[in-house]
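**Q** Based on these hints, arrange chain B on the given structure of chain A.
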Amino acid sequence: MFTLQCGKQRSCKSTGSGLGTRVLSLLEEEFPDVCRIVTAVYPSAEDDVITSPYNTVLAMQELTEHADCVLPVENQSLLDILNKIDAMSYGTKLGPGVKRNNCVTSGGSRLSGAQKPFDAMNNIVANLLLNITSSTRFEGSLNMDLNEIAMNLVPFPRLHYLVPSLTPLYSLADVSIPTKRLDQMFSDAFSKDHQLIRANLKHSLFLASALMVRGDVHMSDLRRNIERLRSSLPFVSWNQEGWKTGLCSVPPVGHSHSMLALSNNTCVKATFMELRDSFTKLYKKKAHLHHYLHVDGMEQSIFSEALSSLTGLIEDYHHLDVSKSRLQRDTPRLRIATGSSS
Amino acid sequence: MSVVTIQLGQCGNQVGQELFDIICNDAEQSQRKTYSTSCSARFFRPTSKGDLVARAVLVDMEPKVINQSMNKAVKSGRWRYGEDSHFSQKQGSGNNWANGYCVLGPRHKDAVEELVRQEVERCDALAGFIPVMSVAGGTGSGVGTYVTQCLRDIYPTSFILNHLTWPYGTGEVIVQNYNSVLTLAHLYQLSDAMLVHENDTVHKICSQLLNIKQISFSDINMVIAHQLGGVLQPALTPDSYGVYSRNPLGELVSALACHPEYKLLSVSTVPQMPSSSIAFSTFSWPALLKHLRQMLISNTRMEVGIDWQVRPPPISERTRSLTQGGFNTSLANLLILRGKDVYSAETGGFEDPAIYTPWLRSEEAFSLWKSPVSFDKYEKFATLVSNSQALLRPLDDMVRKAWNMFASRAYIHQYIKYNISEEDFLDSFTSLEQVISSYGQLQC
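Residue numbers (the UniProt record's numbering), protein chains in the order written: chain A, 1 to 342; chain B, 1 to 444.
Among these hints, one or two may not hold up.
Rough simulated footprint, nothing fancy, chain B against chain A, three-plus residues with beta-carbon under 8 angstroms [to be verified]:
id : segment
1  : 62-70
2  : 146-153
3  : 221-230
Computed spacing ranges between beta-carbons, pair by pair [unchecked claim]:
id : chain 1 : residue 1 : chain 2 : residue 2 : range
4  : A       : Glu65     : B       : Asp124    : 52 to 62 angstroms
5  : B       : Asp397    : A       : Ser323    : 21 to 31 angstroms
6  : A       : Glu65     : B       : Asp84     : 43 to 53 angstroms
7  : B       : Glu422    : A       : Asp321    : 19 to 29 angstroms
8  : B       : Gly326    : A       : Asn122    : 55 to 65 angstroms
9  : B       : Asp397    : A       : Glu305    : 43 to 53 angstroms
Please keep in mind that the hints were generated in silico from the structure rather than gathered at the bench. Quick reminder that beta carbons are idealized off the backbone N, C-alpha and C, glycines included.
Bound-form chain A, shown alone (with noise of 0.2 angstroms):
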């Protein structure tokens, strides 16, 4: 597994989404049956890379074909997690194992203007990375390895985009913030408060999704959970029970029970097609596109292949989206001869 950047971060322009989306390509020739999951981050609106679209949409064409598993993440939301963190903490003791001058819950976790706490940002990918480790890093009575998940939620190879979402939020920053009923932690993953994208789960078509649970959790609470959160969240006709589950016994340091929800959402096409309006505006008008192809191998015909490869991206969630409201019958069954006579 490996993160690599669409947009930027600190001082770095381009390497993540360029160098990042080579070594992937390299990694699919060398190791073709080991799976890619990529966690990408995107740029948000207020980015200051101008670049950044033309960036993003050339990585995606990338990931697109060589990723197993996209989990694409928005600075805007990690942004938002921990503004929601800091308004939690806000007065709150400290917990136990939380150091002097974390950047969470100091002062520097105070947003102004254009700093962005990094360190804290990345604290919350990590988080995810770990979550989803899990299950290959302990015991559990249900596991669920990493290539699990590029089977169970990727139903056809290009629809590999899955949204991520950490419950409890508070779980990333130490605070110790009494454990809400196990419950609302399920009703949480599905909140967009709780999603590192922003997109409306709720109001789109689930394809799949994967919860992993970590921590004191029986099976007959995820599945309870599950039961009552099935009625509210549209699934695609032919996978109504695509449900993947795993258990793993050991909690995250300092709690309970935490889970990560991975979601193959048609809600991404919005993020994709705000991503194709910001390089279509760029693109039109040519701008800063010299740069680019200063540099020796790249031609404008890369510029346009990305172009359709994320439109045909688009296309194909939209034609999953249209689905939805169409009623499905059972697909009419093999018929068997039966030569007895009654």
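**A** Quick look at chain B alone, frame taken from chain A:
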């Protein structure tokens, strides 16, 4: 004669460990020497140090569950697994049947066959094999099917009884129906019979009979193991002439699976209650058997919620339908009674021709085994192994959901990647539709 158990995947290794635990406990508690000797010989082998080692091979594509099972066994202090009787890898099968069957199975064939061979050589006489596996994941289902095929090739005259755990209808593995369809279609050609437990049914037993509030997989596994114990522990059969049967798998298969189209067996046991209640309950064979018979014909797999209105339909009214007024027709039944006063138990209700398919005589359809030794803490305990329409509806649901998914070709690329083609899927669907059709017409 001895049984070699092969535990495959997470489910197989978890259930298997509980099974050996229950068998070992039961043997120790019985205080009847012939019973415990027979049981030990069947499932365990003695070592020079005098401890009991399970006649088992543990296979998984990742190491954690095998390690857990082996440690739990050692902690029991009464039995353990052979130190070298296991095989594992690091990466898992990714819930992909094709990966398990086409890649991992063949890749590790020699290593697994060697472990099985060693275990078989330690048996004075081999009664047969019990592969224990789930059908929903990748290792149990895919590697399990491949291993069963290898067993069939190497030991063509041995009995193979697969124990299968079917997943919850909702929310375990998204591609579970594909994996299940592929497994069942293949096993139908390889296995002598398949003994099935469904998580949904066992879950209801846990919640409604055993009053467990927060049910975990460990509870599910214990109920499965308990019911399996009721089937597999030594018993006196019509063919065994006063000693505990030396051919339990062979006799079970010939009692129940006389026709190659009908290989799906379900298990029901009575009584079933929280252990704390057992001491305060009294049991009579007439009451137990009356409940068990009604459970059979109304297809309720437990003692709560039995529909007493269900009766066998008159022969003139028998039609072809999936469920005829909720009545469950049997091909064959095996009743195993354990405990006090077994010789006086009246089992005529199970010999009634009305509950069987018309083309088999009820004398051929019904078998009775007995053991005077009580099982677990129950003074009287009855196990019913049925070849009936009980699994028809769950099987049909599984095929229907898999077919709907297949119609949109969702996830198929994941299987094609490992050499299972659309044609392979179609073949499996065809086989299972045939099975569904056969069971559906059992009452005609």
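**Q** Next step is simple, just say for each hint if it's right about the structure.
**A** Each hint tested on the structure:
Counting residues of the segment 62-70 of chain A whose CB falls under 8 angstroms from any CB of chain B gives 0; the rule of at least 3 is not met. Proximity of the segment 146-153 of chain A to chain B, defined as three or more residues with a beta carbon under 8 angstroms from a beta carbon of that chain, is established by the 6 residues found. Using a Cβ-Cβ cut-off of 8 angstroms, 6 residues of the segment 221-230 of chain A lie near chain B, which meets the minimum of three, so the contact claim holds. Remark: the range hint 52 to 62 angstroms for A:Glu65 to B:Asp124 is upheld by a beta-carbon distance near 59 angstroms.
Checked against the given bound of 21 to 31 angstroms, the beta carbons of B:Asp397 and A:Ser323, roughly 23 angstroms apart, stay inside it. In this structure the hint that A:Glu65 and B:Asp84 lie 43 to 53 angstroms apart at CB holds, the actual value being about 45 angstroms. A hinted range of 19 to 29 angstroms for the beta carbons of B:Glu422 and A:Asp321 is consistent with their spacing of about 26 angstroms. Taking 55 to 65 angstroms as the suggested C-beta distance range, the pair B:Gly326 and A:Asn122 conforms, at roughly 59 angstroms.
At about 45 angstroms, the beta-carbon gap between B:Asp397 and A:Glu305 stays in the expected band of 43 to 53 angstroms.
Checked against the numbered hints above, the structure violates only hint 1.
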